[in-house]
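First to last, the protein sequences are chains R and P. Heads up, the first sequence is in the numbering used here, so the first residue is 1050 and it goes up one at a time. Heads up, the second sequence is in the numbering used here, so the first residue is 1050 and it goes up one at a time.
By construction, these hints were calculated from the structure, which means they are not laboratory data. Treat the hints with care, since some could be wrong.
No distinction is drawn between identical chains; accordingly, a pair holds when it is met within one copy or between any pair of copies.
[What the hints assert, rightly or not] In silico DSS-like pairs for lysine-lysine, Cα to Cα no more than 27 Å straight-line: (1) 1062 - 1095; (2) 1338 - 1596; (3) 1596 - 1284; (4) 1095 - 1596; (5) 1234 - 1212; (6) 1585 - 1279; (7) 1279 - 1524; (8) 1297 - 1060; (9) 1095 - 1083; (10) 1096 - 1596; (11) 1060 - 1095; (12) 1585 - 1234; (13) 1284 - 1481; (14) 1096 - 1297; (15) 1585 - 1284; (16) 1585 - 1297; (17) 1596 - 1297; (18) 1297 - 1524; (19) 1284 - 1513; (20) 1585 - 1278; (21) 1207 - 1585; (22) 1234 - 1136; (23) 1365 - 1596; (24) 1207 - 1297; (25) 1060 - 1083; (26) 1524 - 1212.
Protein chains: 2
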Amino acid sequence: MKTTSKPQEVKLKHIVEIAQSIGLDEDDLELYGKYKAKINLDVLEKKTRQSEGKVILVTSINPTPYGEGKTTTAIGLSMAINRLGFKSIVTLREPSLGPYLGIKGGATGGGASQVLPGTDINLHFTGDIHAVTAANNLLCAAVDNHIYHGNTLNINPKAIMIKRAMDMNDRALRNIVIGLGDGQKGAVREDGFVISVASEVMAILCLSNDLEELKERLGNILVAFSYDKKPVYAKDLNVHGAMALLLKDAIKPNLVQTSEATAAIIHGGPFANIAHGTNSIIATKMAQKLSDYVVVEAGFGSDLGAEKFVNIVSRKTGIYPSAAVVVVTTRALKYHGSSVAKTNITDEGMDALLKGFENLSKHIENLKMMGLEMVVALNMFPDDTPSEISMIESFCRKQGVEFAVSRAYDLGSEGALELAEKVIEIADKRRKINFVYQDQDPVEEKIKKVAKTIYGALDVQFSKSALSTLELIRKLNIEHFPVCMAKTQYSLSDHPELLGRPKDFILNVNEIRINSGAGFIVAICGNIMTMPGLSKDYAALHLDIDKDGNVLWV
Amino acid sequence: MKTTSKPQEVKLKHIVEIAQSIGLDEDDLELYGKYKAKINLDVLEKKTRQSEGKVILVTSINPTPYGEGKTTTAIGLSMAINRLGFKSIVTLREPSLGPYLGIKGGATGGGASQVLPGTDINLHFTGDIHAVTAANNLLCAAVDNHIYHGNTLNINPKAIMIKRAMDMNDRALRNIVIGLGDGQKGAVREDGFVISVASEVMAILCLSNDLEELKERLGNILVAFSYDKKPVYAKDLNVHGAMALLLKDAIKPNLVQTSEATAAIIHGGPFANIAHGTNSIIATKMAQKLSDYVVVEAGFGSDLGAEKFVNIVSRKTGIYPSAAVVVVTTRALKYHGSSVAKTNITDEGMDALLKGFENLSKHIENLKMMGLEMVVALNMFPDDTPSEISMIESFCRKQGVEFAVSRAYDLGSEGALELAEKVIEIADKRRKINFVYQDQDPVEEKIKKVAKTIYGALDVQFSKSALSTLELIRKLNIEHFPVCMAKTQYSLSDHPELLGRPKDFILNVNEIRINSGAGFIVAICGNIMTMPGLSKDYAALHLDIDKDGNVLWV
Chain R
1050 MKTTSKPQEV KLKHIVEIAQ SIGLDEDDLE LYGKYKAKIN LDVLEKKTRQ SEGKVILVTS
1110 INPTPYGEGK TTTAIGLSMA INRLGFKSIV TLREPSLGPY LGIKGGATGG GASQVLPGTD
1170 INLHFTGDIH AVTAANNLLC AAVDNHIYHG NTLNINPKAI MIKRAMDMND RALRNIVIGL
1230 GDGQKGAVRE DGFVISVASE VMAILCLSND LEELKERLGN ILVAFSYDKK PVYAKDLNVH
1290 GAMALLLKDA IKPNLVQTSE ATAAIIHGGP FANIAHGTNS IIATKMAQKL SDYVVVEAGF
1350 GSDLGAEKFV NIVSRKTGIY PSAAVVVVTT RALKYHGSSV AKTNITDEGM DALLKGFENL
1410 SKHIENLKMM GLEMVVALNM FPDDTPSEIS MIESFCRKQG VEFAVSRAYD LGSEGALELA
1470 EKVIEIADKR RKINFVYQDQ DPVEEKIKKV AKTIYGALDV QFSKSALSTL ELIRKLNIEH
1530 FPVCMAKTQY SLSDHPELLG RPKDFILNVN EIRINSGAGF IVAICGNIMT MPGLSKDYAA
1590 LHLDIDKDGN VLWV
Chain P
1050 MKTTSKPQEV KLKHIVEIAQ SIGLDEDDLE LYGKYKAKIN LDVLEKKTRQ SEGKVILVTS
1110 INPTPYGEGK TTTAIGLSMA INRLGFKSIV TLREPSLGPY LGIKGGATGG GASQVLPGTD
1170 INLHFTGDIH AVTAANNLLC AAVDNHIYHG NTLNINPKAI MIKRAMDMND RALRNIVIGL
1230 GDGQKGAVRE DGFVISVASE VMAILCLSND LEELKERLGN ILVAFSYDKK PVYAKDLNVH
1290 GAMALLLKDA IKPNLVQTSE ATAAIIHGGP FANIAHGTNS IIATKMAQKL SDYVVVEAGF
1350 GSDLGAEKFV NIVSRKTGIY PSAAVVVVTT RALKYHGSSV AKTNITDEGM DALLKGFENL
1410 SKHIENLKMM GLEMVVALNM FPDDTPSEIS MIESFCRKQG VEFAVSRAYD LGSEGALELA
1470 EKVIEIADKR RKINFVYQDQ DPVEEKIKKV AKTIYGALDV QFSKSALSTL ELIRKLNIEH
1530 FPVCMAKTQY SLSDHPELLG RPKDFILNVN EIRINSGAGF IVAICGNIMT MPGLSKDYAA
1590 LHLDIDKDGN VLWV
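Hey, can you work out the whole structure from these sequences and the hints?
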């Protein structure tokens, strides 16, 4: 549980001091206590530097249940770049309360490479996700209320496309029936909750450049279809203004500090398996204005966060990564190369490690295809042997990519200096970004291109429902939207148990959703839950607080 | 719509300056931007004054759809007491987002007597209500998850006593079925959402003296009954620690300022028709530590907020009001005395006004019964005539209570000086508080005493369900709990259309709920919704934001 690994001895600096270290003053901030602040949006216009900071995209191989330490490595890397005398800001997503109270634990790094104050960041932070929840749920209430009060838009209650949201792992709310009870004029209908970070409102918050665009995008959310099959948008219900109002503070990036008192911006939190999976573009742009190197974490492996960063974020914003970092652990490589049961993975030998390289090789190939130079970063664990490390290093050399050991967890910036040096070196040799698909490709084609080139699928199988939504997309004239693939993070395929580098598999697209506010098409592959559940022994059972307000893990 | 009446010309002072005016310094605060702050709880121990501030309880006659300006009067009164050279802090509840986006508009006063910054207070403020929502929903998810993972506590899914919460007016969530869908091991069952401010967690937050008590109370929430009819509490599910953790900041009172830059504390937001209806006791106690006069608003009329303040808050905490203020308007009095349709109420003549005195007389009687000295405050409107005003004054004189005109809306403190002087005068003549019922009275008896003495009911009719819960209460050995009456605010009875001073009515107790964490029994009288709905033309349709972040009312 990462939340307890917070180094209690770290003396936090006042957030105004952190702000000053990146050229901001107190007037640029809205303080949230002494250690958190929102940064005013006019900083985007006010601050000008010689050139914009370079974006370093941190990704990984397919994650395993152990956790690969991607956030820890990203934080350590940014601290190390600062240590080398450059300015660097790490930008991360805001942790969702659901997984924090569920199985995942914190999302604020670990050991000597953390963002702080960890508990506050992991809990309500500055309230952004709650604001997203409220904006989403206002829209949902507005739809049912519209039907209740006469339904002048002629909305078909069986064709409502949005769901209510909650920032909680609550499986019982996945599939529900609403509108029951006596004397109800409104519709009784099937509905369900998604976790707030999977909502389109969260994606919109993260893809908007300013309040005006935010409001416009919110207005463009496809809410429902009428009985005569016409699309109904949020703007038809006239609540997009109030939704934007609810997000007026949430749109401002949040400034915190790393365990070495460098600046970190944490803003927006779309999941990477079901949404586009990286922090807000406002946060990235602001960090570019204020530093030389922006270390951005994209969720999960190159097949998810990195692919979507390039094909959605870069395409829409012109923010191109200057280099990538692929985080690996020997444990995760062995896991991918192991054919036996997955306990005691560290006892696995060189064979498993060698076989596990297949997974890494695909991620390297993916990043190369997208035109990204990279460093493979081994997040080193105490029981990693020198021969294992040198095997990984020589594999990378054969692949023609850089390799560095990171001991950021134990040593902070000092443990990531080699990584930082190599990143800076390759970031100067940036190549042109290659999109996996083009705007004019039909959506079906876009999905196939991602599946075949990035996942290594043989082909794609679309369900009937998916095919009919593809038809609808053509009718709605939104074929130019990029696709946001929703897929398990554990495998390059849509089957979580297919580790390593699966081949000859068919990707199943079970459902396609239109996120016309976010401006992308979501393709749901395999069994992807948009509302997680709690395990039997979940984190909240162990979280406690003493009478003085200290967090306990019991 | 009160939100648009914010005087834009008011130049806000930095909240640290406001804090200094009541003897606090920056170290006592957690800033939330420049104009909001949380006050650290150790202020309760640290600050000592000669004597604790006197509590002035602001109540009203039964409200009408027009709004009586109780909050405006409370704010104006506190500003006026400051103007007279004493220290005064006004303490209010936090507005709920649901009604703000619904029909009610803001809850931050109006005209020249407001708490500021109004929009921030009305929106997410410092996130307290969102934290309450999260804590409540964690508990609900924990129950269904427990059943899903084997149900070792043997919980009967048909005997779950808690509901999920959302801070939104969403009628479609009142009655729902959850747990549907494929492959679900958990229970399919009826459920429903309450608005967050109606949740027991909100009541607990407002009735706890510190974090330790908060956690204990949360643990005592009655969650369900087992198949063998044993009570299951939140502590049996072991999530009360995490719930308290979620509330670690929410428990701290929020400091803002009035439109005359005096201190206001806004904390906790239980509805007064369905919960106990006043700000947190921590807020009141803290204000008592920091000022001479604490002006506390209790929701709705003396039959709701004031009755519950005395019989729940005073009983549990020893905070006794030193005096009461009863806010009236000529419009509201005429409304209560009018026999015709309720449009153009100002055209109604003296007859309606005279007849409306019956409603006021009952509230005066109620406050006297509870041992409270009072001033009747006429919240004056431009079309009030001198003869109307003098009629109200002479009525009050006949009743033996003080009367003052308040023009706080137009003139701020200057308009409430007479009211302030009279309040200060009578606050020195405090009598002993009389509880309406005693701890040892059976719950049934307690309900009857409130109904007969405070509402003027002839008798009480309990539904079958209510009677069986009364039986349960005896078995659980919690007969000593006070009762929290849930009733329409519009009438002294449980029928909103019975205006004036209804007589010979029977109060219907349809349902009784056990809030064993809050430590009271909720008696639901008549048709009381714990989840409001939106009207056809609700506030969110008119709320908007421009590109610079300014709130618009369109």
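Hint check:
1. 1062 - 1095: both (25 Å within a copy, 25 Å between copies)
2. 1338 - 1596: between (42 Å within a copy, 21 Å between copies)
3. 1596 - 1284: between (48 Å within a copy, 17 Å between copies)
4. 1095 - 1596: between (44 Å within a copy, 17 Å between copies)
5. 1234 - 1212: both (20 Å within a copy, 23 Å between copies)
6. 1585 - 1279: between (44 Å within a copy, 22 Å between copies)
7. 1279 - 1524: For residue 1279 and residue 1524, the Cα distance is within 27 Å only inside one copy (11 Å; across copies 58 Å).
8. 1297 - 1060: between (32 Å within a copy, 21 Å between copies)
9. 1095 - 1083: both (24 Å within a copy, 21 Å between copies)
10. 1096 - 1596: Classified as between: cross-chain Cα gap 20 Å, same-chain 44 Å, threshold 27 Å.
11. 1060 - 1095: between (31 Å within a copy, 25 Å between copies)
12. 1585 - 1234: For residue 1585 and residue 1234, only the inter-copy Cα distance (13 Å) is at most 27 Å; the intra-copy one is 40 Å.
13. 1284 - 1481: neither (38 Å within a copy, 58 Å between copies)
14. 1096 - 1297: within (21 Å within a copy, 36 Å between copies)
15. 1585 - 1284: between (42 Å within a copy, 16 Å between copies)
16. 1585 - 1297: between (38 Å within a copy, 25 Å between copies)
17. 1596 - 1297: between (34 Å within a copy, 10 Å between copies)
18. 1297 - 1524: neither (34 Å within a copy, 51 Å between copies)
19. 1284 - 1513: Classified as neither; 30 Å inside a copy, 47 Å across copies.
20. 1585 - 1278: between (43 Å within a copy, 24 Å between copies)
21. 1207 - 1585: between (34 Å within a copy, 22 Å between copies)
22. 1234 - 1136: Neither way: residue 1234 and residue 1136 sit 60 Å apart in one copy and 52 Å across, limit 27 Å.
23. 1365 - 1596: Close across copies (21 Å), not inside one copy (48 Å); limit 27 Å.
24. 1207 - 1297: This pair counts as neither: shortest intra-copy Cα distance 32 Å, inter-copy 41 Å.
25. 1060 - 1083: The answer is both: 12 Å in one copy and 24 Å across copies each meet 27 Å.
26. 1524 - 1212: within (23 Å within a copy, 42 Å between copies)
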